[in-house]
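Trainee: I would like the entire structure built from these sequences, with the hints used as guidance.
Chains as they are written, first to last, in my numbering: chain A, 612 to 709; chain B, 612 to 709; chain C, 612 to 709; chain D, 612 to 709.
Treat the hints as calculated values from the structure; they're not laboratory data. If you're wondering where the values come from, they're calculated on a predicted model, not measured in any experiment. Treat each hint with caution, since some may be false.
Unchecked claim - Derived DSSO-like pairs (lysine-lysine); straight-line CA-CA distance at most 27 angstroms: (1) A:707 <-> A:616; (2) A:616 <-> D:616; (3) D:616 <-> D:700; (4) D:700 <-> B:700; (5) C:700 <-> A:700; (6) A:707 <-> D:707; (7) D:707 <-> C:700; (8) C:700 <-> A:707; (9) D:700 <-> A:707; (10) A:707 <-> A:613.
Listed below, chain by chain, are the residues.
4 protein chains.
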Amino acid sequence: LKLFKSRIYTAILLLGCVLVIGVFGYRFMSGYSWVDSLYMTVITITTVGFGEVQPLDEYSKVFTVFLILASVVIVGFAISVITEYILSKNNLEELKQK
Amino acid sequence: LKLFKSRIYTAILLLGCVLVIGVFGYRFMSGYSWVDSLYMTVITITTVGFGEVQPLDEYSKVFTVFLILASVVIVGFAISVITEYILSKNNLEELKQK
Amino acid sequence: LKLFKSRIYTAILLLGCVLVIGVFGYRFMSGYSWVDSLYMTVITITTVGFGEVQPLDEYSKVFTVFLILASVVIVGFAISVITEYILSKNNLEELKQK
Amino acid sequence: LKLFKSRIYTAILLLGCVLVIGVFGYRFMSGYSWVDSLYMTVITITTVGFGEVQPLDEYSKVFTVFLILASVVIVGFAISVITEYILSKNNLEELKQK
Ligand SMILES: [K+]
Ligand SMILES: [K+]
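Mentor: Printed below as a string of structure tokens:
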């Protein structure tokens, strides 16, 4: 159980890193304001994707591609860990019932 | 089983709250019409994200960020509860087969 | 097993209905071309959401809200059925191993 | 376990194929630059969907519809395989505990 919790914390920490990298990336690479950088990062990571706040240059597009891929991999990892956690909790309850 | 159902109802109720908060937020904060507010809230919560119906000011963007994060957390909670429900129903059937 | 398959077929059939309703809705309600209607329906149901092909009037927005909600409910139902199917298949294999 | 790993590799390989087909499709069918083609393909497959980089003609829209449907089916297959993998790993641990 401790193992799962530390892995869930790892996933949350990684997502936090991606959020911070995203905000700083859009702030200094694409010249967005702080609010726009946060807004752009959140709509990118959560795949809401309303649209680019301001048009992106080539470097910002490549940056966005890596941001999306990183968040997809981390969210996938987080879902796997949570699924395994629910399953193992379920098994423990099952064993207790016997 | 009753525990799961009450938690699923909690998740649905919370989603309903987010929907209502979203509609009122866009109606009075961003000056959208009622239909546009509903449309904007639904495309935000479901991550369809066609694009902002009308450009958002800074406050509305921060509001949108919180709306997205709230709905992501609630949807994640709902999926967890439903997964646990399916698993425990599955275990009961398994026990009956023995 | 037959029960699961019939429910998966129900989910696929319902998704097909939503697709057809979406295409006809955008074709005759919003005046889109056939290709644009298909394109709009697919990016709506899959939550890709590039943006409205042409601006939508109030009725088309309400129609889109219902289309999104219907597809979210049906996709959720489909995922539940598939999860239950994988779980029960898994249980059968487990029982065989004993 | 080997069976699962080969199926996960199949899913990753198929996703890679869709990525390559997408990039070449947007490059030569819609006349996008290489960076724009990669950007467009990634925001399409991950359903971020910021919006079309440049307006698409009818053929490119039909191409996009197939790209979206292919990636949805493959991602669905990948999630199924990963779920089955986690479940069978879980069962093995359960058997060991007995
Ligand atoms: K969009
Ligand atoms: K989207």
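Trainee: None of the hints should be skipped; say for each whether it holds.
Mentor: Here is how each hint holds up against the structure:
1. Of the supplied pair hints, the one linking residue 707 of chain A and residue 616 of chain A holds, its CA atoms being roughly 21 angstroms apart against a limit of 27 angstroms.
2. In summary, the hint linking residue 616 of chain A to residue 616 of chain D is supported, as the alpha carbons are separated by about 26 angstroms, within the 27 angstroms threshold.
3. A distance of roughly 12 angstroms separates the Cα atoms of residue 616 of chain D and residue 700 of chain D; the hinted pair therefore holds under the 27 angstroms criterion.
4. About 21 angstroms separates the Cα atoms of residue 700 of chain D and residue 700 of chain B, which keeps this hinted pair within 27 angstroms; it holds.
5. Distance restraint check for residue 700 of chain C and residue 700 of chain A: the Cα-Cα separation of roughly 21 angstroms lies within the 27 angstroms cut-off, and the hinted pair is therefore satisfied.
6. The hinted pair formed by residue 707 of chain A and residue 707 of chain D meets the criterion: a straight-line CA distance of about 16 angstroms does not exceed 27 angstroms.
7. Straight-line distance between C-alpha atoms of residue 707 of chain D and residue 700 of chain C comes to about 20 angstroms, which keeps the hinted pair within the 27 angstroms bound.
8. For a cut-off of 27 angstroms, the pair hint linking residue 700 of chain C to residue 707 of chain A stands: about 24 angstroms separates their Cα positions.
9. This hinted pair checks out: residue 700 of chain D and residue 707 of chain A have alpha carbons roughly 20 angstroms apart, not beyond 27 angstroms.
10. A threshold of 27 angstroms between alpha carbons decides the hint, and for residue 707 of chain A with residue 613 of chain A the separation of about 19 angstroms falls inside it, so the pair holds.
Comparing the model with each numbered hint stated earlier shows that all of them hold.
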